[in-house]
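Chemist: Chain by chain, the residues:
Protein chains: 2
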Amino acid sequence: MSEYSLYGFSESGNSYKVALMLKLIGADWEPIFVDFGKGATREKQFRDTNVMGEVPVLVHHKSEGDFTLSQSGAILTYLAKRSGKFGGADEMEDLEILRWILFDNHKLTGYTASARFMRTFMGKADEPETKFMHARALSAFKVLDAHLDGRKWVVLDRPTIADISLCGYLFWPDHMGISWDQYPNIKSWLENIQAIEEWSPSEELLPSALAG
Amino acid sequence: MSEYSLYGFSESGNSYKVALMLKLIGADWEPIFVDFGKGATREKQFRDTNVMGEVPVLVHHKSEGDFTLSQSGAILTYLAKRSGKFGGADEMEDLEILRWILFDNHKLTGYTASARFMRTFMGKADEPETKFMHARALSAFKVLDAHLDGRKWVVLDRPTIADISLCGYLFWPDHMGISWDQYPNIKSWLENIQAIEEWSPSEELLPSALAG
Chain A
1 MSEYSLYGFS
11 ESGNSYKVAL
21 MLKLIGADWE
31 PIFVDFGKGA
41 TREKQFRDTN
51 VMGEVPVLVH
61 HKSEGDFTLS
71 QSGAILTYLA
81 KRSGKFGGAD
91 EMEDLEILRW
101 ILFDNHKLTG
111 YTASARFMRT
121 FMGKADEPET
131 KFMHARALSA
141 FKVLDAHLDG
151 RKWVVLDRPT
161 IADISLCGYL
171 FWPDHMGISW
181 DQYPNIKSWL
191 ENIQAIEEWS
201 PSEELLPSAL
211 AG
Chain B
1001 MSEYSLYGFS
1011 ESGNSYKVAL
1021 MLKLIGADWE
1031 PIFVDFGKGA
1041 TREKQFRDTN
1051 VMGEVPVLVH
1061 HKSEGDFTLS
1071 QSGAILTYLA
1081 KRSGKFGGAD
1091 EMEDLEILRW
1101 ILFDNHKLTG
1111 YTASARFMRT
1121 FMGKADEPET
1131 KFMHARALSA
1141 FKVLDAHLDG
1151 RKWVVLDRPT
1161 IADISLCGYL
1171 FWPDHMGISW
1181 DQYPNIKSWL
1191 ENIQAIEEWS
1201 PSEELLPSAL
1211 AG
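Chains as they are written, first to last, in our numbering: chain A, 1 to 212; chain B, 1001 to 1212.
Rather than coming from a laboratory, the hints here were simulated on the basis of the structure. Be a bit skeptical, because a hint or two may be false.
What the hints assert, rightly or not - Dumping the calculated SDA-like pairs for lysine to any residue here, alpha-carbon to alpha-carbon at most 20 Å: (1) A:Lys152 to A:Val51; (2) B:Lys1044 to A:Ala140; (3) B:Lys1142 to A:Val51; (4) A:Lys131 to B:Lys1131; (5) B:Lys1124 to A:Glu129; (6) A:Lys142 to B:Gly1039; (7) A:Lys44 to B:Lys1044; (8) B:Lys1062 to A:Lys131; (9) A:Lys81 to B:Gly1087; (10) B:Lys1081 to A:Ala89; (11) A:Lys142 to B:Lys1131; (12) A:Lys124 to B:Lys1044; (13) B:Lys1142 to A:Glu43; (14) B:Lys1131 to A:Ala113.
To be verified - Listed below are several chain B residues computed to face chain A (Cβ distance under 7 Å; list not exhaustive): (15) Thr1049; (16) Val1059; (17) Gly1073; (18) Leu1098; (19) Asn1105; (20) His1106; (21) Ala1135; (22) His1147; (23) Arg1151; (24) Trp1153; (25) Pro1201; (26) Leu1205.
Unchecked claim - Quick list of the computed label-pair ranges, beta carbon to beta carbon: (27) A:Ala125 to B:Phe1121: 27 to 35 Å; (28) A:Met1 to B:Asp1028: 46 to 54 Å; (29) A:Gln182 to B:Gln1194: 12 to 20 Å; (30) A:Ala125 to B:Ala1135: 16 to 24 Å; (31) A:Glu64 to B:Asp1174: 47 to 55 Å; (32) B:Ser1188 to A:Asp126: 24 to 32 Å; (33) B:Gly1037 to A:Lys124: 19 to 27 Å.
In this text, all values refer to a predicted model and were calculated from it rather than measured experimentally. Glycine included, C-beta positions come from ideal geometry on N, C-alpha and C.
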């Protein structure tokens, strides 16, 4: 058995954040497919694993027993501590990383994931709810783009779990009907992430919920 | 000068989370009013303090210089560490607290704050965007209510910053047009919070952005 099991699927950018981290730290892990399209995250068995009813869920198979954790930001924090990679070097750096993970969860991924899902997977691009979430996502891109002016990475002079969190949904600009040319600092930063050795797209790390 | 300054206003539940924490730990602090209604958080001077353009912002006046931090979840984490109160006792407890703070930021406060603002302060209760955000807030209440079944507090057998974060917007059910009678476990849990010595409502801790 692998050291880590990750419940998720490739269309979930939140699952991708964790899969990418596991890849980048060279972990021994395996994906466990969750059939989101068939409602698996809403079923009782999955709710018993995670009352929040969401992927990703990481299971760390330890000698003393399994440790289960949900919420990508908490999982990334755990894996940074385990591996000694992509975390901060002290409390102040950890706090600045946390600040951007919170911004990501609430504003950037929060609105992007919903707008993308409604637009691309539900075909509701013209509904007012979709437009509302889309506009909020663009506001978050504007904040991130302004912050990245003159910076190679979001928090430190090296990539951290803040970068890994924030990029989760951003390699799919076509799913949002946008181009990163409109946000040149985000564009350069995403290229920096793709240039990290061992970087892989979500489709190479996780099974698809759309296939079959 | 006080040890801490908190930029915020009483209608902001995210500001209230931090104000309540400062009150509960017995900190030496003072509020600094941010006139959200007049667009102060969007002005350049405030953006220079916080690129995310949001309250709350905490300034810790230390002998070696000011330390400034935004995002209520990061501020609560910082204050728990400083005070030794309302945090976890080990890494596993801290991770479980973080998991609920992330859920709060993304799902519970995220949708509640928007739905409440659009409904109560913009008078847009019947707009599809408001109904959409309102429905998502109710889903988050359902998750929290199920989790609180048989529990006095969200994570441990004592209140933590997860409770303080999650309750930020929940003492205003009338602003959401709901009653906590529909969510009996949330109702009991909010009563537990109100029973903490030194608990105060937002209006007693922070200046209003609506007054004057």
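Chemist: Evaluate each hint against the coordinates.
Modeler: Now for the hints, and whether the structure bears them out:
For the given pair, A:Lys152 sits about 37 Å from A:Val51 by alpha-carbon distance, which is inconsistent with the 20 Å threshold. Note on B:Lys1044 and A:Ala140: the hinted pairing holds, with a Cα-Cα distance of about 17 Å set against a maximum of 20 Å. Note on B:Lys1142 and A:Val51: the hinted pairing holds, with a Cα-Cα distance of about 10 Å set against a maximum of 20 Å. About 14 Å separates the Cα atoms of A:Lys131 and B:Lys1131, which keeps this hinted pair within 20 Å; it holds.
Distance hint between B:Lys1124 and A:Glu129 is fulfilled; the C-alpha atoms sit about 13 Å from each other, no more than 20 Å. A threshold of 20 Å between alpha carbons decides the hint, and for A:Lys142 with B:Gly1039 the separation of about 18 Å falls inside it, so the pair holds. With a CA separation close to 49 Å, the supplied pair A:Lys44 and B:Lys1044 exceeds the 20 Å bound. Note on B:Lys1062 and A:Lys131: the hinted pairing is violated, with a Cα-Cα distance of about 44 Å set against a maximum of 20 Å.
For the hint pairing A:Lys81 with B:Gly1087, the CA-to-CA distance comes to about 18 Å; that is within 20 Å, so the pair holds. With a C-alpha separation of about 17 Å, the suggested pairing of B:Lys1081 with A:Ala89 holds against the 20 Å cut-off. Distance restraint check for A:Lys142 and B:Lys1131: the Cα-Cα separation of roughly 26 Å exceeds the 20 Å cut-off, and the hinted pair is therefore not satisfied. Proposed proximity of A:Lys124 and B:Lys1044 is contradicted: the alpha carbons are some 36 Å apart, above 20 Å.
Note on B:Lys1142 and A:Glu43: the hinted pairing holds, with a Cα-Cα distance of about 15 Å set against a maximum of 20 Å. With a C-alpha separation of about 19 Å, the suggested pairing of B:Lys1131 with A:Ala113 holds against the 20 Å cut-off. For B:Thr1049, the suggested interface contact is broken, since its CB lies about 13 Å from the closest CB of chain A, more than 7 Å. Taken as an interface hint, B:Val1059 does not check out: its beta carbon lies about 14 Å from the nearest beta carbon of chain A, beyond 7 Å.
Hint on B:Gly1073 holds. Least Cβ distance to chain A is approximately 5 Å, under the 7 Å limit. With its C-beta approaching chain A no nearer than about 5 Å, B:Leu1098 sits inside the 7 Å limit, and its interface hint holds. Taking 7 Å as the C-beta contact cut-off toward chain A, the hint placing B:Asn1105 at the interface holds, the least distance being around 4 Å. At about 4 Å, the closest approach between the beta carbon of B:His1106 and any beta carbon in chain A falls short of 7 Å, and the interface hint on this residue holds.
Because the closest C-beta pair between B:Ala1135 and chain A is about 10 Å apart, greater than 7 Å, the hint is violated. At its closest, the beta carbon of B:His1147 sits 5 Å from a beta carbon of chain A; the interface hint therefore holds under the 7 Å criterion. Given the 7 Å rule on beta carbons, the hint for B:Arg1151 is violated: about 11 Å separates it from the nearest Cβ of chain A. A cut of 7 Å between beta carbons decides the hint on B:Trp1153: the least distance to chain A is about 15 Å, and the hint is violated.
Below 7 Å, beta-carbon pairs count as interface contacts, and B:Pro1201 has none with chain A, the closest being about 24 Å; its hint is therefore violated. The beta carbon of B:Leu1205 is not positioned within 7 Å of any beta carbon in chain A (closest approach about 22 Å), and the interface hint is therefore violated. For A:Ala125 and B:Phe1121, the Cβ-Cβ distance of about 29 Å falls inside the hinted range of 27 to 35 Å, so the restraint holds. At roughly 53 Å, the beta-carbon separation of A:Met1 and B:Asp1028 lies within the given 46 to 54 Å, and the hint holds.
A hinted range of 12 to 20 Å is violated for the C-beta pair A:Gln182 and B:Gln1194, which are about 47 Å apart. A:Ala125 and B:Ala1135 have their C-beta atoms about 20 Å apart, which keeps the hinted 16 to 24 Å range intact. The hinted range of 47 to 55 Å is satisfied by A:Glu64 and B:Asp1174, whose Cβ atoms lie roughly 48 Å apart. The hinted range of 24 to 32 Å is not satisfied by B:Ser1188 and A:Asp126, whose Cβ atoms lie roughly 43 Å apart.
One distance hint, 19 to 27 Å for the beta-carbon pair B:Gly1037 and A:Lys124, is violated here, with the actual separation near 33 Å.
Checked against the numbered hints above, the structure violates hints 1, 7, 8, 11, 12, 15, 16, 21, 23, 24, 25, 26, 29, 32, 33; every other hint is satisfied.
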